[in-house]
Amino acid sequence: MLLSGIWTVMLLLSLACGLGCGNAAAVGAAALEGANAAVELLLTLAGPLLFWSGLQELLARSGIAGALGRRLSPLLVRLFPSCREDEELSAALGANLSANLLGLGNAATPAGIRAASLLQARGSPDRGELCRLVVMNTASLQLIPATVGAVRQSLGAASPFDILPAVWIVSLLSVTAGLLAEGLLRP
Amino acid sequence: MKAVLALLPALLLTLAGLWGLGKKTDVYAAFTRGAADALPVLGRVLTSLAALLPAVYMLRASGALEAAADLLSPLFSRVGVPPETVPLLLIRPLSGSAALALGIELMARFGPDSPVGRTAAVMLGSTETTFYVISVYFGGAGAGVSRRVVAAALCADLVGFLSAAWSVRLFFP
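Chain order of the listed sequences is A and B.
For the numbering used here, count along the first sequence from 1 and bump the result up by 333.
For the numbering used here, count along the second sequence from 1 and bump the result up by 47.
No lab work stands behind these hints, which were simulated from the structure alone.
Be aware that one or more of the hints could be misleading.
Said to hold, decoys possible - SDA-like cross-link-like pairs, simulated, lysine to any residue; straight-line CA separation at most 20 Å:
| no. | chain 1 | residue 1 | chain 2 | residue 2 |
| --- | --- | --- | --- | --- |
| 1 | B | Lys-71 | B | Leu-59 |
| 2 | B | Lys-70 | A | Ile-397 |
| 3 | B | Lys-71 | A | Gly-399 |
| 4 | B | Lys-71 | B | Leu-60 |
| 5 | B | Lys-71 | A | Leu-401 |
| 6 | B | Lys-70 | B | Arg-80 |
| 7 | B | Lys-71 | A | Gly-396 |
| 8 | B | Lys-71 | A | Ala-400 |
| 9 | B | Lys-70 | A | Ala-400 |
| 10 | B | Lys-70 | A | Arg-403 |
| 11 | B | Lys-70 | B | Pro-87 |
| 12 | B | Lys-70 | A | Gly-396 |
| 13 | B | Lys-70 | A | Leu-401 |
| 14 | B | Lys-70 | A | Gly-399 |
| 15 | B | Lys-70 | A | Arg-404 |
| 16 | B | Lys-71 | A | Asp-495 |
Next up, chain A with everything else stripped away, as it sits in the complex (with noise of 0.2 Å):
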């Protein structure tokens, strides 16, 4: 509902500033210009987009997810205390994050759930690991960020993937500061 507000104060402010600013035909031919745009940025994004989804697929199939996660276990129980007594909770979440550092939005997303359900059911008073597993979730931990890559692949980016560094940097910074401001928010 928030975004159809954005959208109609987006139609409205176009209208009434075309109007008083005698721009009123451009912005009609604008709405129709739009909607081309549409069709022909979609159809330089297909082949990208189809090829690193497949990718992702062919990464979580081959065994490489799982492969990734069973190492990041000693990370995990930093962050996650319970996991030490519980195996499958251990389990669920080394999938969750495996999956999200390799972009695996499809298989990241009902480990992650999987996991929330367990910290849920275990009821600890503050919900402290459950916040947290949240927080790290909305704050995308990608490696790869195939889909953005794509998308300056397709719009002829000299090198599409040369934001890698500053994505990891940006992801950590900001991942950082959500766990922190969970624990400083935290009664």
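Please build the complex by placing chain B on the supplied structure of chain A, with the hints as guidance.
This is chain B only, laid out in the frame that chain A set:
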């Protein structure tokens, strides 16, 4: 580093194929099934583009976008954020496909290797659809949404937004 990044798609594809074949996975079928998963995504992106781009194009044609950018740029220039990317900050937590549509528009208009295009790309790559994730996780766990998490996640988004602009200036001066 640069050569590895340029080779990344081909390298990953080959490695994953070899690794999977070593584990006796049907790697070809895995790839085609994954590519099929992109079809509904393309549909959602197209409909979002079809809704958002007319609005963005209208804003531009009317002169409202320029006026707003002129008005906002002193403030955002001070923190080093390109004012053109501000709409992305508003939409990113609300809708993944709308944010992607807006980011695609920015990258197409200003160029994928321009400061605006890169900032939009880093923002999209390092943030998530916050409200969607929160509702799916708390809903899936059968737990009430924690206001603390909403605040913390939005704080993470803001830090991501500011540091995206900062890191682009750092890496691509």
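Hint check results:
no. : hint                  : result
1   : B:Lys-71 to B:Leu-59  : 18 Å, holds
2   : B:Lys-70 to A:Ile-397 : 10 Å, holds
3   : B:Lys-71 to A:Gly-399 : 15 Å, holds
4   : B:Lys-71 to B:Leu-60  : 16 Å, holds
5   : B:Lys-71 to A:Leu-401 : 18 Å, holds
6   : B:Lys-70 to B:Arg-80  : 18 Å, holds
7   : B:Lys-71 to A:Gly-396 : 10 Å, holds
8   : B:Lys-71 to A:Ala-400 : 15 Å, holds
9   : B:Lys-70 to A:Ala-400 : 12 Å, holds
10  : B:Lys-70 to A:Arg-403 : 17 Å, holds
11  : B:Lys-70 to B:Pro-87  : 29 Å, violated
12  : B:Lys-70 to A:Gly-396 : 8 Å, holds
13  : B:Lys-70 to A:Leu-401 : 15 Å, holds
14  : B:Lys-70 to A:Gly-399 : 12 Å, holds
15  : B:Lys-70 to A:Arg-404 : 18 Å, holds
16  : B:Lys-71 to A:Asp-495 : 33 Å, violated
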